[in-house]
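Peer 1: Please model the entire structure based on the sequences and the hints provided.
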Amino acid sequence: MPGYRTKLESIAIAGVKNLVIRSLLDRQQFHDPQGIALRRGINSATWPLFGMIWPSGIQLATRLASRPVCANERILEIGCGLGLASLVAQHRGARITASDCHPLAETFLDENARLNDLPLLRYKYGQWGSQAVADPEDDTAVLASQYDLIIGSDLLYDRDMPKDLAQFIDRHAAPQAEVWLVDPNRGHRPAFNRHMATHGFVLAADERLNDQPPEAASADPYKGRLLVYHRNAQGFGN
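Start counting the sequence shown at 140; every next residue gets the next number (this note's numbering).
Note that these hints are calculated values from the structure, not bench results.
Heads up, a few of these hints could be off.
Under the rule of at most 27 Å between Cα atoms (straight-line distance), these lysine-lysine pairs were calculated in the DSS-like manner [stated by the list, open to error]:
{"#": "1", "residue 1": "K156", "residue 2": "K302"}
{"#": "2", "residue 1": "K362", "residue 2": "K302"}
{"#": "3", "residue 1": "K263", "residue 2": "K302"}
{"#": "4", "residue 1": "K362", "residue 2": "K156"}
{"#": "5", "residue 1": "K302", "residue 2": "K146"}
{"#": "6", "residue 1": "K146", "residue 2": "K156"}
Ranges between beta-carbon positions, derived for each pair [to be verified]:
{"#": "7", "residue 1": "C209", "residue 2": "S269", "range": "33 to 39 Å"}
{"#": "8", "residue 1": "C209", "residue 2": "L342", "range": "38 to 44 Å"}
{"#": "9", "residue 1": "V341", "residue 2": "R166", "range": "23 to 29 Å"}
{"#": "10", "residue 1": "R298", "residue 2": "L342", "range": "16 to 22 Å"}
The C-beta atom is built at its ideal place from N, Cα and C for all residues, glycine as well.
Peer 2: Written out as structure tokens, the structure reads:
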């Protein structure tokens, strides 16, 4: 993987074997020789964030590991980064598609699938907000389908995100769908709840997450919430 430095990490997720994950060495890495990331609104400061192991991602993967697998359920992870939850879903035989806007997300996802002896995952370019592009420039397929379960972690990181993210989820959620979002208390949940409601989603659970897997990157207890939304096709007219 030229142009940036990486490391290997072993991540323990309850219910599945430890995952071997290739991640970026640190947050000082940057490699965008063709300017693709920049044209997607990813600057040198935000470029490395996709390639780090984040506590919220571990929480999401852990929860997904204990969820029963439904053979015909279509699952989408949005803003997947390194895709821990997607790798767990693939390991368990779920129908998972991973998506992100970072030019290297698919490269790392393929490498981490190989490191864990997993089949390659389905991957699509998916981006919300004003920086989304119609042509990803790197031959990545663009997300277009609808899914029964949409999952994500640590996505509400600025005040414009709730509206844009809710619109994106609405576009890619089936008429009857479930959404899981792990949020590390960034303060934008109330606005997100309101925008999700405009698209027919009801907040079914708002669970406080105070635990932290001992193998996680941070030794501090995790503080955040698991938000679960449901949309029922019956009575939904948006």
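Peer 1: Indicate, hint by hint, whether the structure satisfies it.
Peer 2: Now the hints, each set against the structure:
Using a Cα cut-off of 27 Å, the hinted pair K156 and K302 is violated, with the two alpha carbons roughly 37 Å apart. Restraint check for K362 and K302: the C-alpha separation of about 24 Å stays at or below 27 Å, so the hint holds. Note on K263 and K302: the hinted pairing holds, with a Cα-Cα distance of about 22 Å set against a maximum of 27 Å. Under the criterion of a C-alpha separation no larger than 27 Å, the hint pairing K362 with K156 is consistent with the structure, at around 25 Å.
Proposed proximity of K302 and K146 is contradicted: the alpha carbons are some 35 Å apart, above 27 Å. Taking the CA atoms of K146 and K156, the gap is near 19 Å; set against the 27 Å cutoff, the hint holds. At roughly 35 Å, the beta-carbon separation of C209 and S269 lies within the given 33 to 39 Å, and the hint holds. Here the CB-CB span from C209 to L342 is close to 22 Å, at odds with the stated 38 to 44 Å.
For V341 paired with R166, a C-beta distance near 37 Å fails the hint of 23 to 29 Å. In this structure the hint that R298 and L342 lie 16 to 22 Å apart at CB holds, the actual value being about 19 Å.
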